[in-house]
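Asker: Taken in sequence, the protein lines are chains H and W.
Take 851 as the starting number for the first sequence in the numbering used here and just add one per residue.
Take 85 as the starting number for the second sequence in the numbering used here and just add one per residue.
Keep in mind that the hints were calculated from the coordinates and are not lab data.
Glycine is no exception: its CB is placed at the ideal position from the N, C-alpha and C atoms.
Hints are not guaranteed to be accurate.
As the list claims (entries may be wrong) - With a straight-line cut-off of 25 Å between C-alpha atoms, the simulated SDA-like cross-links for lysine to any residue are:
hint: 1; chain 1: H; residue 1: K910; chain 2: H; residue 2: D869
hint: 2; chain 1: H; residue 1: K1045; chain 2: W; residue 2: G100
hint: 3; chain 1: H; residue 1: K1138; chain 2: W; residue 2: M152
To be verified - Cβ pair distances, simulated, as ranges:
hint: 4; chain 1: H; residue 1: D888; chain 2: W; residue 2: R121; range: 38 to 48 Å
hint: 5; chain 1: W; residue 1: R102; chain 2: H; residue 2: V952; range: 49 to 59 Å
hint: 6; chain 1: H; residue 1: S1013; chain 2: W; residue 2: E104; range: 19 to 29 Å
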Amino acid sequence: MGFVKGLKCRECGREYAVDPIYVCEFCFGPLEVVYDYDGIMDVLTREEILSRPQNLWRYKELMPIDGEPTSGLNSGFTPLVKADKLGGYLGLKELYIKDDTVTHPTLSFKDRVVAVALSKAREFGFDTVACASTGNLAHSVSAHGAAAGFRRFIFIPASLERSKIVASLAYEPNLIAVDGNYDDVNRLCSEVANKYPWAFVNINIRPFYAEGSKSQGYEIVEQLGWKAPDAIVVPCASGSLMTKIWKSLKEMNRIGLIGEVQTKIFSAQATGCSPIVRAIKEGVDVIKPVKPDTVAKSLAIGNPADGFYATQVVKESGGFGADVSDAEIIEAIKLLARTEGIFAETAGGVTLASAIKLMESGHIAKDAVTVLSITGNGLKTKEAIMGHTAEPHHIDPNLKSFEEALKKINAA
Amino acid sequence: MAVKVKIPVPLQRLTGGREEVEGTPGTIISLINDLDRKYPGLAERISEGGKIRRFVNVYVNEEDVRFMKNEETEVKDGDEVSIVPAIAGGGVFCKKGGR
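Using the sequences and the hints, build the whole thing.
Answerer: See the structure below:
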């Protein structure tokens, strides 16, 4: 059986039994899963972890399920790429890419959280799963839900990139395109979640769902040879991934897998939607909601649910934040592709461009072991860089024509 | 005329089921403490140590008090104050389902 002791309010500390609930009835704070770390410590050793299949469930004792996992059995354990070429270009001594562009099966880190959410939804006995999404989550719930045999309702902003909409439709969920932005979709879903007995992965299943993000942190440490890095740069939408990566490092320390954690956590946002970074820069705890306007649609959450906690992670870890323009995002996507052969979606551009700024401002030292959390695949948002790439060399189907083109290429 | 105060569903148990109650002009925190005398238990749900709780939004005429003077924001006769739990988006709670 699992090691979950219950749910606890992050604000007032009131405790609750394990149920599909997410808000403290007393003070309205968010609920978080509490574990029996002493029990986990006895079972989850490095040797035990290394003996298991390479997916996120090799850390199952630190995930909020009671039985065996039933979803996402091939999700997680993405490569930690040592990015020597990009690092050399930037003047960073030891740079790594946590490459969630290749997460199974829908090519974004959302497969981690959905694997956990749907395993938990099954334990709760739900037959329908749902989500509010900016795209990646829609894909993941559509796909995992199909494989696990759930009825699926996916709510997206109608303005989403066409390619992201099509990628969800392939799995034949009930796709609801809402005329409004993500915050509008989210508000609507809160109402729907109140009325229908469905597992909304990022609403009533949120305390469980969010725990899946911790797996990215566990893997980074394991892949670095059981060492926490000096710096991790994390893209922020709701801010949840960042808080969970921080939690994962502290948990690994708590159960004796690693020593003291001295990692600095850095927040990356697009300037057109940077409520968290703004609060970090101004040194305030209050997140001022914004109306998003950025090419990085997967990060376009103007009123981030975990924004406050994200600012606290930065404060506690000694990190900072940076925000970047659309042009910088696109340039960074291309830089990552051209140096490391990794084509990231816009969020990846945000992360790399922010890391560059943080390095230039001296917040990330040149000799710091640095990890960039690259969360999704560029093939999902090709529109973002259309018109910003070179054109193909058009030729006739003969050698002469090719050699004329080659001459031009060599001359360039 | 008084200050109109809209109460979210989870707190209506404390106001005898009333969705809207009347408050006294003054600062937001004095208004809340004043309401607590009439509806005991209300203040501790909304505030702690004289500060509005982090996951409770208070709006005066649809403007978030965090972007005015917070607890010290003045309200006058005819103003409308809304108390809205931040996460549940309007004071809703999910029902347990599926088993």
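Asker: Next step is simple, just say for each hint if it's right about the structure.
Answerer: The hints, checked one at a time:
no.	hint	verdict
1	H/K910 - H/D869	holds, 19 Å
2	H/K1045 - W/G100	holds, 23 Å
3	H/K1138 - W/M152	holds, 12 Å
4	H/D888 - W/R121: 38 to 48 Å	holds, 46 Å
5	W/R102 - H/V952: 49 to 59 Å	holds, 55 Å
6	H/S1013 - W/E104: 19 to 29 Å	violated, 47 Å
Checked against the numbered hints above, the structure breaks only hint 6 and satisfies the rest.
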